[in-house]
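> Below are the chains, spelled out letter by letter.
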Amino acid sequence: MDSYQQIIFKLKKYWADRGCIIQEPYDAEVGAGTMCPETFLRVLGPKPYRVAYVQPSRRPADGRYGENPNRLYKHQQLQVILKPAPADVIEQYLGSLEAIGIDLAKHDIKFEEDNWESPTLGAWGIGWQVMLDGLEITQFTYFQQCGGIDLDLCPAELTYGLERLAAFLQNKESVYEIEWAPGFTYADVRFEDERQNSVYNFEVADIPTLWKLFDTHEGECQRLMDSFQALDSGDAAARARFPVLAAYDHVLKCSNLFNLLDARGAISVTERVGVIARVRKLAVGTAQLWMAQQTPATAEVAA
Amino acid sequence: MPLDFLLEIGSEEIPDWMIEPALEHLRGAFAKLLASHKLKGEVAWADATPRRLVVRLTGLPKGQKDSVETVTGPPKSAGEGAALGFARKMGVTPEQLQTAATSKGEYFCFKRKLAGKTTGEIFASALPQLILGIPWPKTMYWLGKGAPRFIRPIRWIVALLGSKVVEFEVTGVKSGNTTLGHRRLAKSKRPIKVGIGNYEQKLLDNFVVVRAAARRRMIEAGIADVLAGTGLRAKPDAALDNTLCYLTEYPAPILGSFAESYLSLPAEVLVTVMRHHQKYYSVERADGALAPRFIAVMNTASDPDGFVRAGNERVLRARFNDARFFYGVDQKKPLAARVEDLKSVTFQKEVGSYHDKVRRMAELVGGDTAARRACELCKCDLTTDMVKEFTDLQGIVGGIYARAQGEPEDVARAIYEHYKPLSMDDSIPSTVAGQRLALADKLDTLRECFRVGLAPTGSKDPFALRRAAQGVVKILVEGEAGGNPLDRIADEALKTFFEDRVRYYFRDVQGYAYDEVNAAMACGWSDLKDLAARLAALKAVRPTENFEPLAASFKRVRNILDQAGQEQDGITGGAVDQALLADEAERALHAAMAGLNLAGLGYREQLERIATLRPAVDRFFETVLVNAPEPHVRRNRLALLHHLRSEFSRIADFSEIVTSSN
Numbered sequence: 199m200d201s202y203q204q205i206i207f208k209l210k211k212y213w214a215d216r217g218c219i220i221q222e223p224y225d226a227e228v229g230a231g232t233m234c235p236e237t238f239l240r241v242l243g244p245k246p247y248r249v250a251y252v253q254p255s256r257r258p259a260d261g262r263y264g265e266n267p268n269r270l271y272k273h274q275q276l277q278v279i280l281k282p283a284p285a286d287v288i289e290q291y292l293g294s295l296e297a298i299g300i301d302l303a304k305h306d307i308k309f310e311e312d313n314w315e316s317p318t319l320g321a322w323g324i325g326w327q328v329m330l331d332g333l334e335i336t337q338f339t340y341f342q343q344c345g346g347i348d349l350d351l352c353p354a355e356l357t358y359g360l361e362r363l364a365a366f367l368q369n370k371e372s373v374y375e376i377e378w379a380p381g382f383t384y385a386d387v388r389f390e391d392e393r394q395n396s397v398y399n400f401e402v403a404d405i406p407t408l409w410k411l412f413d414t415h416e417g418e419c420q421r422l423m424d425s426f427q428a429l430d431s432g433d434a435a436a437r438a439r440f441p442v443l444a445a446y447d448h449v450l451k452c453s454n455l456f457n458l459l460d461a462r463g464a465i466s467v468t469e470r471v472g473v474i475a476r477v478r479k480l481a482v483g484t485a486q487l488w489m490a491q492q493t494p495a496t497a498e499v500a501a
Numbered sequence: 067m068p069l070d071f072l073l074e075i076g077s078e079e080i081p082d083w084m085i086e087p088a089l090e091h092l093r094g095a096f097a098k099l100l101a102s103h104k105l106k107g108e109v110a111w112a113d114a115t116p117r118r119l120v121v122r123l124t125g126l127p128k129g130q131k132d133s134v135e136t137v138t139g140p141p142k143s144a145g146e147g148a149a150l151g152f153a154r155k156m157g158v159t160p161e162q163l164q165t166a167a168t169s170k171g172e173y174f175c176f177k178r179k180l181a182g183k184t185t186g187e188i189f190a191s192a193l194p195q196l197i198l199g200i201p202w203p204k205t206m207y208w209l210g211k212g213a214p215r216f217i218r219p220i221r222w223i224v225a226l227l228g229s230k231v232v233e234f235e236v237t238g239v240k241s242g243n244t245t246l247g248h249r250r251l252a253k254s255k256r257p258i259k260v261g262i263g264n265y266e267q268k269l270l271d272n273f274v275v276v277r278a279a280a281r282r283r284m285i286e287a288g289i290a291d292v293l294a295g296t297g298l299r300a301k302p303d304a305a306l307d308n309t310l311c312y313l314t315e316y317p318a319p320i321l322g323s324f325a326e327s328y329l330s331l332p333a334e335v336l337v338t339v340m341r342h343h344q345k346y347y348s349v350e351r352a353d354g355a356l357a358p359r360f361i362a363v364m365n366t367a368s369d370p371d372g373f374v375r376a377g378n379e380r381v382l383r384a385r386f387n388d389a390r391f392f393y394g395v396d397q398k399k400p401l402a403a404r405v406e407d408l409k410s411v412t413f414q415k416e417v418g419s420y421h422d423k424v425r426r427m428a429e430l431v432g433g434d435t436a437a438r439r440a441c442e443l444c445k446c447d448l449t450t451d452m453v454k455e456f457t458d459l460q461g462i463v464g465g466i467y468a469r470a471q472g473e474p475e476d477v478a479r480a481i482y483e484h485y486k487p488l489s490m491d492d493s494i495p496s497t498v499a500g501q502r503l504a505l506a507d508k509l510d511t512l513r514e515c516f517r518v519g520l521a522p523t524g525s526k527d528p529f530a531l532r533r534a535a536q537g538v539v540k541i542l543v544e545g546e547a548g549g550n551p552l553d554r555i556a557d558e559a560l561k562t563f564f565e566d567r568v569r570y571y572f573r574d575v576q577g578y579a580y581d582e583v584n585a586a587m588a589c590g591w592s593d594l595k596d597l598a599a600r601l602a603a604l605k606a607v608r609p610t611e612n613f614e615p616l617a618a619s620f621k622r623v624r625n626i627l628d629q630a631g632q633e634q635d636g637i638t639g640g641a642v643d644q645a646l647l648a649d650e651a652e653r654a655l656h657a658a659m660a661g662l663n664l665a666g667l668g669y670r671e672q673l674e675r676i677a678t679l680r681p682a683v684d685r686f687f688e689t690v691l692v693n694a695p696e697p698h699v700r701r702n703r704l705a706l707l708h709h710l711r712s713e714f715s716r717i718a719d720f721s722e723i724v725t726s727s728n
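Chains as they are written, first to last, in the working numbering: chain A, 199 to 501; chain B, 67 to 728.
A few of these clues could be false.
[Stated by the list, open to error] In silico lysine-lysine, PhoX-like type, Cα no more than 25 Å apart, as pairs:
id, chain 1, residue 1, chain 2, residue 2
1, A, Lys479, B, Lys415
2, A, Lys245, B, Lys211
3, B, Lys268, B, Lys255
4, B, Lys255, A, Lys304
5, A, Lys208, B, Lys255
6, B, Lys454, A, Lys272
7, B, Lys255, A, Lys211
8, B, Lys454, A, Lys304
9, B, Lys211, A, Lys304
10, A, Lys370, B, Lys170
11, B, Lys345, A, Lys304
12, A, Lys370, A, Lys245
13, B, Lys211, A, Lys479
[Stated by the list, open to error] Covered by chain A, according to a simulated footprint, are these stretches of chain B (three or more residues, beta-carbon under 8 Å):
id, stretch
14, 68 to 82
15, 246 to 257
16, 367 to 378
17, 386 to 393
Hint data in this document are derived by calculation from the structure and do not stem from the laboratory. Since we're looking at a predicted model, the values are computed, not measured. Positions of the beta carbon are idealized from the N, C-alpha and C atoms, including for glycine.
Make the full structure from the sequences, and use the hints.
Below, the structure written as structure tokens:
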């Protein structure tokens, strides 16, 4: 039986062997691996790219104080981006399951329609949830649009739910019983994180502070976007070195703060749509700046 | 010898629910292709699995016949120079031209021979567009921005006319004579060569059952097999049959179990988890009670080591544990304590929250105590964890919780059933309180959505307003809620919307002929119980001897009155002056009308009596000239006809009835 980390090693090796860069997790809070710049920004534009990384993904409202065997505040995704998607992408994906020891001739695999959409990111794609013996183990998406921009190349995004996959392979009833490494369970590694952050997210987080942080990050992101627009469009050097990536980090901060405020019950119905629109504006705006920066000929897109 | 044709569009997994409409389109598209190229032959069948759409044609000719086309050139009078130019354009010498006489004089012409195209050529050039022309609910591109769109990437194409490949290319895929088998059970992952004759067998050898009907039989037989001797039965579920049939290439049912202790959860929750989330059949005992078993349908031949069964049992256990957890958490805060929480649940951005909605509904729901209490609580389940997880169970969870929390049975039942009817096949709420609540809910939704401009357009109906209005109609006709709420609709657009729904209901649900519905609705439609009674009477009387001829006469009456009305001399109304009734036939008609005492009769008896007017009406039209030369006589006769029409068209406007004579 492979440990949790062994499963991750094998998947990384599998995708590395198929030309993927193995990235490390992004060092900012995200709700899903899709939000990392390695996906959100890299899928834009005409340059091919292949990358795989594990991304801890925070969903404050899903926290259960470590008491629910299947729900987590922070779960880990293995995110694979193949841009453009190769013609045998499904076979490659199935091969990755075989690489972690699943004999697919003895299991039931189904591809059930499940299209992905993130209004906050102005992003959507077409795809499936992959079901293994009735368990959803992967979200498979052909990206179509990101930041409101049609994608030049159509990337395939594979998102493996690592805890589910490991619990399946190790035949555990609770994610907390997963063997992370010999002698250490998932609970040993993560239980306190789940419990304490649930307490913070649901009970303790100071709402005015969270709003203040939200406004601050939004303001900084907006300031950066405005100053990009103020650059002389002919000044290629200034545009090329402009910190679009730093602006995007502030988008991620806003997105996480929104999720926290939401979990804290601090966002009323009337406010909700408006706050989502604020985050979306930043996400779409930075995506357009990134495009403008990547493809100088289309700089006016951002204008 | 006629040829057969086989097309297999090999794709990545197509959503199950889109497959049948796509096949329907393909059948039609091929029939059109044959017709537009004057090719004999027909679509023998069209079928599919998630990974392939297959069409088989039969009786095709090798190609079109050669034909001759006459091209008309300049007039003969234009002279030899013009003829030379025309001949050059046709690529021939002037001697090969002919002349033809037309109505405008003699013209040069050329009879051009057209070589018929072969069927293969026609297909090769038409198929790429035909394939890409399948209308899908949502499409994607995969070869880059601006590339062709399809439901999922096309990965291979088989196109065989007889023994030959029809060569073409679509989305970068070249047609050929090789297919792929089941993703994991095929003998080889490599392409498999097929011919028209062995196509289905070769795929079967590689664990793909091409025909949906055959897969359906495999599912049915497999279920019978796993349940043999258990005394249990699978809960019939036609929609699930269809889903599983198009989710699998080689289906095999397996029987799984769960712990008896989960049966203490509401059966509705268990069934929803099994059906909607896991696509399992639930299993019942002979008495209809749930058994702690389920049937999953695999997309693989067998489960030799029991891995698939164990895996599915594990997933189901986790889901049931979640449900149990939700149930426990939800009981800590009863529905009655959640009313205020509805303020933070949006119904619709511009319409407001569910708290607002319930407040408006309270004004619509009316007197009954049970209905009023149910109204207060009916949306509270939207704030429960159970409904957040299983949204399909809204209302049902509310009803179950209300009962568990000690609300009276009629309150619980009204909440439980207030989303009913979910379709025209579904029943209406079983109690008056439930009917009143369902009406209040639906009418409020309709009124508010129309108010803020969310009326459905075309196929777009995100708030399911058609279903809501249809539900209102069904409840008003079939239920006992009383009242006549359609009378109180002020919004003209909503009124028209309801009128269409009423028409639809009586025609397509109740099966009345469209002209009967038109005739009865012409006399009012807002009192639906009354409309239903009038329609029933009309339908019963229609086949009787006198009815249709009388209806034809009423149409004549209407035309005469309409015409007279258009002259705008105001003669259509007014009383009949008996002294002016000169003709015997008009006196007889007047007498017959006067003698027809309808008071106190039911609709059917009234109609039967009205039908007895027929001989008098017939004789009137045979002998009496309505448009008499003397204006006062004419006016009097029009008044008589006006009376006839207005007095006896209160149940239905007979002139709307389409009769064989008009």
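> With a cut-off of 25 Å on the C-alpha distance, tell me whether Lys370 of chain A and Lys245 of chain A pass.
42 Å, violated
> Count the residues of the stretch 68 to 82 of chain B whose CB lies closer than 8 Å to any CB of chain A, then report whether that count reaches three.
holds (count 4)
> Regarding the pair Lys208 of chain A and Lys255 of chain B, is the alpha-carbon distance no greater than 25 Å?
23 Å, holds
> Against the 25 Å threshold, does the CA-CA distance of Lys255 of chain B and Lys211 of chain A hold or violate the hint?
23 Å, holds
> Please check whether the stretch 367 to 378 of chain B has three or more residues whose CB lies within less than 8 Å of a CB on chain A.
Per the Cβ count (8), the hint holds.
> Just to be careful, I want the Cα atoms of Lys255 of chain B and Lys304 of chain A compared with a cutoff of 25 Å; is the pair within it?
17 Å, holds
> Taken at face value, is the distance from the CA of Lys272 of chain A to the CA of Lys454 of chain B at most 25 Å?
20 Å, holds
> If you draw a straight line from the CA of Lys211 of chain B to the CA of Lys304 of chain A, is it 25 Å or shorter?
With Cα atoms ~39 Å apart, Lys211 of chain B and Lys304 of chain A exceed 25 Å; violated.
> Check whether the Cα positions of Lys245 of chain A and Lys211 of chain B lie no farther apart than 25 Å.
13 Å, holds
> Holds or violated: are the alpha carbons of Lys211 of chain B and Lys479 of chain A at most 25 Å from each other?
Roughly 23 Å separates the two Cα atoms, so the pair holds.
> Tell me if chain A covers the stretch 246 to 257 of chain B under the three-residue, 8 Å CB rule, please?
This one holds; 4 residues, not fewer than the three required, reach chain A with a Cβ under 8 Å.
> Between Lys345 of chain B and Lys304 of chain A, is the straight-line Cα distance small enough, at 25 Å or below?
20 Å, holds
Of the hints listed earlier, those the structure fails to meet are numbers 8, 9, 10 and 12, in rising order.
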